[in-house]
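Residue numbers (my numbering), protein chains in the order written: chain A, 1033 to 1181; chain B, 5 to 170.
To be clear, the hints were calculated from the coordinates, so they are not data collected in a lab. Here the structure is a predicted model, which is why all the values come from computation and not from measurement. Don't take each hint at face value.
Unchecked claim - If the Cβ cut is set under 7 Å, some of the chain B residues that face chain A in the computed set are:
| hint | residue |
| --- | --- |
| 1 | F72 |
| 2 | V73 |
| 3 | T81 |
| 4 | L84 |
| 5 | L105 |
| 6 | Q107 |
What the hints assert, rightly or not - For lysine-lysine, the following DSS-like pairs were computed, each having C-alpha atoms within a straight-line distance of at most 30 Å:
| hint | chain 1 | residue 1 | chain 2 | residue 2 |
| --- | --- | --- | --- | --- |
| 7 | A | K1116 | A | K1103 |
| 8 | B | K88 | A | K1116 |
| 9 | A | K1103 | B | K88 |
| 10 | A | K1152 | A | K1065 |
Said to hold, decoys possible - In silico negatives: residues of chain A with every beta carbon more than 12 Å from chain B:
| hint | residue |
| --- | --- |
| 11 | H1044 |
| 12 | G1053 |
| 13 | A1139 |
| 14 | L1165 |
Note that beta-carbon positions come from the ideal geometry of N, C-alpha and C, so glycine has one too.
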Amino acid sequence: MSQFLATALVLHVVLGLIALGAIHLTFMQVIRKQPPWGIVVAAAWTALLGFLLSWMTGAYYYVVHYGVAVKPRIVSGEFPWAHKIFMEAKEHVFLLIPFLAVVALFAVYALREVENPALKSAASAIIATTLVLGVLVAAAGVIVSGGVR
Amino acid sequence: MDWYTFLIITHIIGTVLGVGGATFAEVHLIRALRDGTMSRDENSIMQATYAILRVGFFLLILSGFGFFVLARLEEHTGLLYSIKLWAKLGIVGIIGVNAVLLQLRWIPLLWGSAIAFTSWYAALILGALGRGEYSFFWIYAVYIAAIIIVYFVLRAIHARYIPHKH
C-alpha cells in the first residue's frame, strides 16, 4: 500500500472518530435542560465536517485499494462474511450518515432560535440515530480489518 | 518516537484521565451532596470532572482505534482476535452508553455511578493484564459481580454521608 493510501485510511478512521466524538458531545449537550448552544453548534459542525471528510477519504481508499487488494483476500479467506455482510452493510449505511449530520446541524440552529420541545425531541432522535449508526459503522470497520488474514 | 509508542502514551493518558475522573466524580458528588444540595461552585467542579472524563474517554477510543489501524497497516491483524480486547471494547461501549443513560436520567444515579466507576477500572485492569488465555464469560462474570458490589458500597457511603430528603 502506498504512503498516500495509508494516509487516506488513517484519516478515514481518525476523522470518523472525531466526528463520532463530536456527535456524542452534541447529543449529550442537546438533551440538557439549557444546552450551551455555542458548544452544541461547534460540535454539530465538527461532526458534519468529520463525517464528510471521513466519507471522502474512505471512498478513495475503498475504490482505489480495498476493492482490488483487500476484498479478494477477505472473500477467499476464513471470514468471507466480514466483507459480504459487514462491509456491504457499512458502505451503504455510511451513505446516510453525512445527510443525517446535515439535518442535525439545521435542527440545532433552529433550536437555538426557538424553544420547541417537539423539535428538541425530534432533533435528539436524529442525533442519537447518527451516533448509533456511526458506532455500528466503526465496529463494522474493526470486523472488516479482522477479516484480512 | 514511533507511532506505537505515541499510541501507548496517548492510551495511558486517556485511561489515567478516565479512571481518575471516574474516581473524583464519585468523591466530588458525595462531598457536594453532604449538605443535601449542590451549590453553583460544586456543580461547576462536577462539570469540570465530567469534562476530564470525556477527554479521557475520547483519547482512549482514538488511541485504541490507532492500534487497530497500525495493526492493519503492518498486517498484524492477530491482535483483533484477542478475547481480552473484545471484552475491553464491550466495556468501553458500556461506558459510552451509560453516560448517555445517566444524562437522560433513564438509569438510577447510584447504578449509573457503579457502572461508570467499575467499567473504567475494568478497562484499566484489562489493559494492564498480560497476554494469556482469558474467557469472555469469566471476564464479564467478574465485571458484573464487581458492578453489584460497587453499587452496594456506594449505597452504603451515600446512606452514611448524604442526608435523605423526606
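Okay, the hints, checked on the actual structure:
no.	hint	verdict
1	F72	6 Å, holds
2	V73	5 Å, holds
3	T81	6 Å, holds
4	L84	4 Å, holds
5	L105	11 Å, violated
6	Q107	5 Å, holds
7	K1116(A) x K1103(A)	9 Å, holds
8	K88(B) x K1116(A)	26 Å, holds
9	K1103(A) x K88(B)	27 Å, holds
10	K1152(A) x K1065(A)	10 Å, holds
11	H1044	9 Å, violated
12	G1053	5 Å, violated
13	A1139	18 Å, holds
14	L1165	14 Å, holds
When each numbered hint is compared with the structure, violations occur for hints 5, 11 and 12.
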